[in-house]
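Visitor: These protein sequence lines map, in sequence, to chains P and D.
Each number in this note's numbering corresponds to the 1-based position in the first sequence with 630 added.
Each number in this note's numbering corresponds to the 1-based position in the second sequence with 63 added.
Treat the hints loosely; a few may be bogus.
[Unchecked claim] Away from chain D, derived, C-beta distances all over 10 Å, residues of chain P: (1) 631; (2) 646; (3) 653; (4) 693; (5) 714; (6) 728; (7) 732; (8) 762; (9) 763; (10) 784; (11) 801; (12) 809; (13) 812; (14) 813; (15) 837; (16) 838.
[Claimed, not checked] List of simulated lysine to aspartate or glutamate pairs, EDC-like, C-alpha gap at most 16 Å: (17) D:220 x D:247; (18) P:864 x D:139; (19) D:243 x D:217; (20) D:103 x D:267; (21) D:298 x D:237; (22) D:286 x P:678.
Treat the hints as calculated values from the structure; they're not laboratory data.
Predicted model only: the values in this text are computed from it and were never measured.
A virtual CB, placed ideally from N, CA and C, is assigned to each residue, including glycine.
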Amino acid sequence: MPVCMKGTVISNRKVGRELWEMEFAAPEIASAARPGQFVHIRAGDDHDPLLRRPLSLYDVDVYSGLITLLYRIVGRGTQLLSRYTVDQPLDVMGPLGRGFNLVQDKRVLLVGGGVGIAPLLFLARELQPLNRQVTVLHGAGNSQEICSRVRFSRLGISCLAATMDGSQGFKGLVTDLLEKTIDPADIDYVYTCGPNPMMAAVAGFAARHGLAGELSLEEYMACGVGACLGCAQKLKESDPSYVKICQDGPVFPLPVSNGNGPDFSAT
Amino acid sequence: MGIIDMTVNLGGLEMRNPVAVASGTFGYGREYQNYLDISKIGAVIVKGTTLEERYGNQPPRIYETPAGMLNAIGLENPGIEVFLNQYLPSLMEDGVTVVANIAGNSVDEYALITRRIDNNPGIAAIELNISCPNVKQGGMQFGTDPELVRTVVEAVKSETVLPVIPKLSPNVTDIVSIAKAAREGGADALSMINTLMGMAIDVERRRPVLGNIFGGLSGPAIKPVALRMIYQVYKEVDLPILGGGGITSTRDALEFILAGASAVSVGTGNFVHPCLAEDIARGLENYVGEQGLSNIDELVGAAVL
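Take the sequences, apply the hints, and build the full model.
Guide: Structure (structure tokens):
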């Protein structure tokens, strides 16, 4: 059951270009958390920024009650978050939303773009013991934006990088790396999180090769619990009704074609 | 110090404390059941409900602004029957004080919805949404013309014995004339204020941010406007006021009460602190006790000159 509580910051450090990792203790949230869910964080205690910030669970340790977040500084909220120091209380709600389904006995592929890699680490941790093979691809602008490889390798999973400037791994888009190096015959199930164009390309790959999968969507959010109806999106252009990203998602099964952004069902 | 009585009778709406949660910020109550005992809230004003299901506006629907937010949800709701048959029974079981918020495309539609809910024992009062800035029909058009306000309030009153509380729009030149028209129509209390119309621009895309272009501004940014309007109406119109607009603390709530509100509603603040209504109700009770008063009535309008 989700709660609203004061967690305690354990560490908060810069791990890349505009990328930070925060670890905090929140045992009630950690014990209920599933990969793909998020926490709703109040950065600062003033009126500006006013609203909470939804951040995905990068890693969770149920036994120690610790949650790790990976966040990119994009505005005032995340800027304030980066100033939190050890032992500072953190106002946090969660776990919220519907996370990833954990498949079993499959060969799974995880494709993350930028800070969209965050929910895929916790997912990989949970998938690893259940499945035959876990492959991770991570795309970013440059090597300064790739910071998760050690964490994946600690799980015994190799994370293939693609950078636009070629400073690490494959030079180019992660979706080009996907097309060039992944034999669809070796994959049963796909998970993706990142910028919409990237997810659209991954969804296209899945659709072309008849692979089932899931993606994690993003939208401006206020309440985080399905009350304000602010984070609405359409999953299919033809569908008159909207889903709530916070409550019905953020994870949805492929194919998705939301009508507002790129078509995630294109083949 | 005697016994403190925090109950409020707002034009016939019995509230166990003076703090309500505002329509559109609390869903149908159950969304927040994990975080607080919603039966202890003064009144839960549920999401604006129409005769038929509505899908709402295209996204983006919300956007954060300095000390506030814009929303253009567009009255997404499942329709009155789903509310009455699927959501209301469990709220009744839990003893929640439920205020229905209704909106319609026409005066007849307001009357029809009212007839449908009039004899429902689970509903304590009707808040009349005549101030939604985000729909083409069934919103602000009814709340910005005094004659239409009087007509729609009268039509609703003739269909129900429940207290009728029109929610006024701040997007008018003369709020007092609107409030007076509502009183002439037979309103039992006034709810004020709804959101202020605004917008945001995306510089990179050179387009409005919101899918609906315009949205309603809420949050602490609008508190001074709300206070001013409540103050003006309190002086001129003899009706109890449910005051809200950017309340995020007990002190904010006290400002509204001192400006003339008999009870307050917490809206956008719920998104930030799910237990805000509960916290403010407790804070007000403590304040009343500290001041050696026996109830909140003694403070209503105390700052009005």
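Visitor: For every hint, state whether the structure bears it out.
Guide: We went through each hint and held it up to the structure:
A cut-off of 10 Å between C-beta atoms contradicts the statement that residue 631 of chain P is not in contact with chain D; the least separation is 5 Å. Taking the minimum C-beta to C-beta distance to chain D, about 24 Å, the non-interface status of residue 646 of chain P holds against the 10 Å cut. For residue 653 of chain P, the requirement that its beta carbon stay farther than 10 Å from each beta carbon of chain D is met, with the minimum near 24 Å. Its beta-carbon lying about 24 Å from the closest one in chain D, residue 693 of chain P satisfies the requirement of being farther than 10 Å from that chain.
Every CB of chain D lies more than 10 Å from the CB of residue 714 of chain P, the least distance being 17 Å, so the non-interface label holds. Non-interface call for residue 728 of chain P relative to chain D: holds, since the shortest CB-CB distance, roughly 14 Å, exceeds 10 Å. Distance check on residue 732 of chain P: its Cβ is at least 23 Å (rounded) from any Cβ of chain D, clearing the 10 Å threshold; non-interface status holds. With a cut of 10 Å on Cβ distances, residue 762 of chain P stays outside the contact zone with chain D, its closest approach being about 37 Å.
Against chain D, the non-interface label of residue 763 of chain P holds: every CB pair exceeds 10 Å, the least being about 37 Å. The Cβ of residue 784 of chain P sits about 33 Å from the closest Cβ of chain D, beyond the 10 Å cut-off, so the non-interface label holds. The non-interface label for residue 801 of chain P is consistent with chain D: the shortest C-beta to C-beta separation is roughly 27 Å, beyond 10 Å. Distance check for residue 809 of chain P against chain D: the nearest CB is about 29 Å away, which clears 10 Å, and the non-interface claim stands.
For residue 812 of chain P, the condition that its CB be more than 10 Å from all CB atoms of chain D holds, with the nearest at approximately 32 Å. For residue 813 of chain P, the shortest C-beta to C-beta distance to chain D comes to about 37 Å, beyond the 10 Å cut-off, and the non-interface label holds. No beta-carbon of chain D comes within 10 Å of the beta-carbon of residue 837 of chain P; the shortest separation is about 24 Å. With a least beta-carbon separation of about 28 Å from chain D, residue 838 of chain P lies farther than 10 Å from that chain, consistent with its non-interface assignment.
Proposed proximity of residue 220 of chain D and residue 247 of chain D is supported: the alpha carbons are some 11 Å apart, at most 16 Å. Proposed proximity of residue 864 of chain P and residue 139 of chain D is supported: the alpha carbons are some 13 Å apart, at most 16 Å. The suggested pairing of residue 243 of chain D with residue 217 of chain D holds, with an alpha-carbon distance near 13 Å, which does not exceed 16 Å. Only pairs whose Cα atoms come within 16 Å are accepted, and residue 103 of chain D paired with residue 267 of chain D is rejected, the gap being roughly 46 Å.
Of the pairs offered as hints, the one joining residue 298 of chain D and residue 237 of chain D holds, with about 14 Å between alpha carbons and a cut-off of 16 Å not exceeded. Pair hint residue 286 of chain D plus residue 678 of chain P holds up; C-alpha atoms about 15 Å apart against a cutoff of 16 Å.
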